[in-house]
Amino acid sequence: QQQVKQSPQSLIVQKGGISIINCAYENTAFDYFPWYQQFPGKGPALLIAIRPDVSEKKEGRFTISFNKSAKQFSLHIMDSQPGDSATYFCAARTLNSGGSNYKLTFGKGTLLTVNP
Amino acid sequence: DAGVTQSPTHLIKTRGQQVTLRCSPKSGHDTVSWYQQALGQGPQFIFQYYEEEERQRGNFPDRFSGHQFPNYSSELNVNALLLGDSALYLCASSLGLLINTEAFFGQGTRLTVV
Chain L
1 QQQVKQSPQS LIVQKGGISI INCAYENTAF DYFPWYQQFP GKGPALLIAI
51 RPDVSEKKEG RFTISFNKSA KQFSLHIMDS QPGDSATYFC AARTLNSGGS
101 NYKLTFGKGT LLTVNP
Chain S
117 DAGVTQSPTH LIKTRGQQVT LRCSPKSGHD TVSWYQQALG QGPQFIFQYY
167 EEEERQRGNF PDRFSGHQFP NYSSELNVNA LLLGDSALYL CASSLGLLIN
217 TEAFFGQGTR LTVV
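Heads up: the protein sequence lines correspond to chains L and S, in order. Position 15 of the first sequence, counted from 1, bears residue number 15 in the numbering used here, the numbering being contiguous throughout. Position 80 of the second sequence, counted from 1, bears residue number 196 in the numbering used here, the numbering being contiguous throughout.
Please note: incorrect hints may appear among the correct ones.
Stated by the list, open to error - Cross-link-like lysine to aspartate or glutamate pairs, in silico, DMTMM-like; alpha carbons within 25 Å at most: (1) L/K15 / S/E191; (2) L/K15 / L/E59; (3) L/K108 / S/E167.
Claimed, not checked - Just a sample of chain L residues kept apart from chain S, beta carbon distances all over 10 Å, derived: (4) Q6; (5) T28; (6) F30; (7) L104; (8) T105.
Source of the hints: derived by calculation from the structure; they are not laboratory data. By construction, the Cβ of each residue, glycine as well, lies at the ideal position given by its N, Cα and C atoms.
If we strip away everything but chain S, and leave its shape as in the complex, we get (with noise of 0.2 Å):
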């Protein structure tokens, strides 16, 4: 089980420009949620994924966007980067439909906005 993976680990973009961060989950999972982690902060949430649907968005600008495809994966797209983009953005999987499992980390993608 190659649990959750992430690509790429890490990313160096220009400000301005667009990014796609993508993950795909642990085996068996069918929930994608993304998270912001600023540099000694707690993660943020960002969106959570379900049946390649958005469930639920937090506190988070329209620049951010996401998708879910129908073999779990999704992608994180972030428009117009700015400095302020640079984090470690993880995404958890899980399973829907409130089955109690916990949530799975990858390693996250290390984003540097210059």
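Pulled out of the complex, with its shape left as it was, chain L reads as follows (with noise of 0.2 Å):
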């Protein structure tokens, strides 16, 4: 049971471009909403996040656009550079079943890659 669905699997954008990828759910009880990148032989690493109350944030060159009531939210990534290939999942949070800590349910992930 997939909570939360990624598109596109994979992206080629040019330098400079802009890479955009996108996430929809269905629980509402996610109440936070991460970004992470992953390269090749690494473990994930936290780009940026929202939470459901705020409809954007940017970082620098990433922002997250946020629709809370059509449960979708993206990833924009301006003027990519090609040390931004890497893979990035869209994750949401909730609660564990006994309340006491956070879990996260991610995405299937999307493989950028930025030609130079």
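Starting from two chains that each stand alone, build the complex the way the hints lay out.
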């Protein structure tokens, strides 16, 4: 059961272009939406995150847009660089069943390639 | 701050064997979550440990078990290995009691079952 749907599966962008990755969810219990960046052979690293009461968050070249009514959110990478080539995962956070801790549900990932 | 450390980094096991993976959380963190990441897929939640107890389990069979020690480090054990258990196993640490901190991931253990 995939609770967070991510698209596209892969994306090729020219240097300087805009990369856009989209995610959708159904579970209204999700309360926090982080994006992770993963390079080959490494664990995911937090890139940027947003709460559902905010429609947009920007950090440098990275922006999250959030549409609560549509249950969709997206990552925009402005002025994409070859060093941005990696796999990007959207995730959604919810409480565990005991209510003591949070856990993450991930999308399937988007392989971004930025050509020089 | 060493961050989240996992060992070993790579492991090759034979079908039917048992394996133990280890994780040391980021300094100050008390919660450890384990994820399985198959090739080309997103991480899938296995289970989470807090106060040395399993707090929640994902959709994984009982062959997957774990433990958390008093120093907050954790082990993931997998019995009767199957070829399909080949994956990158990720450990993430965070703070419990709903303290709003991010989850930090280790570099993972690449398990290959042959």
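For each hint, the structure was consulted:
1. Among the hinted pairs, L/K15 with S/E191 is inconsistent with the structure: their alpha-carbon atoms are about 42 Å apart, more than 25 Å.
2. Of the supplied pair hints, the one linking L/K15 and L/E59 holds, its CA atoms being roughly 19 Å apart against a limit of 25 Å.
3. In summary, the hint linking L/K108 to S/E167 is not supported, as the alpha carbons are separated by about 30 Å, beyond the 25 Å threshold.
4. Taking the minimum C-beta to C-beta distance to chain S, about 7 Å, the non-interface status of L/Q6 is violated against the 10 Å cut.
5. At the 10 Å boundary, the C-beta of L/T28 stays outside the reach of chain S, the nearest C-beta of that chain being 18 Å off.
6. At the 10 Å boundary, the C-beta of L/F30 stays outside the reach of chain S, the nearest C-beta of that chain being 14 Å off.
7. With a least CB separation of 6 Å from chain S, L/L104 falls inside the 10 Å interface cut-off, contrary to its annotation.
8. With a cut of 10 Å on Cβ distances, L/T105 falls inside the contact zone with chain S, its closest approach being about 7 Å.
Checked against the numbered hints given earlier, this structure breaks hints 1, 3, 4, 7, 8; the rest are met.
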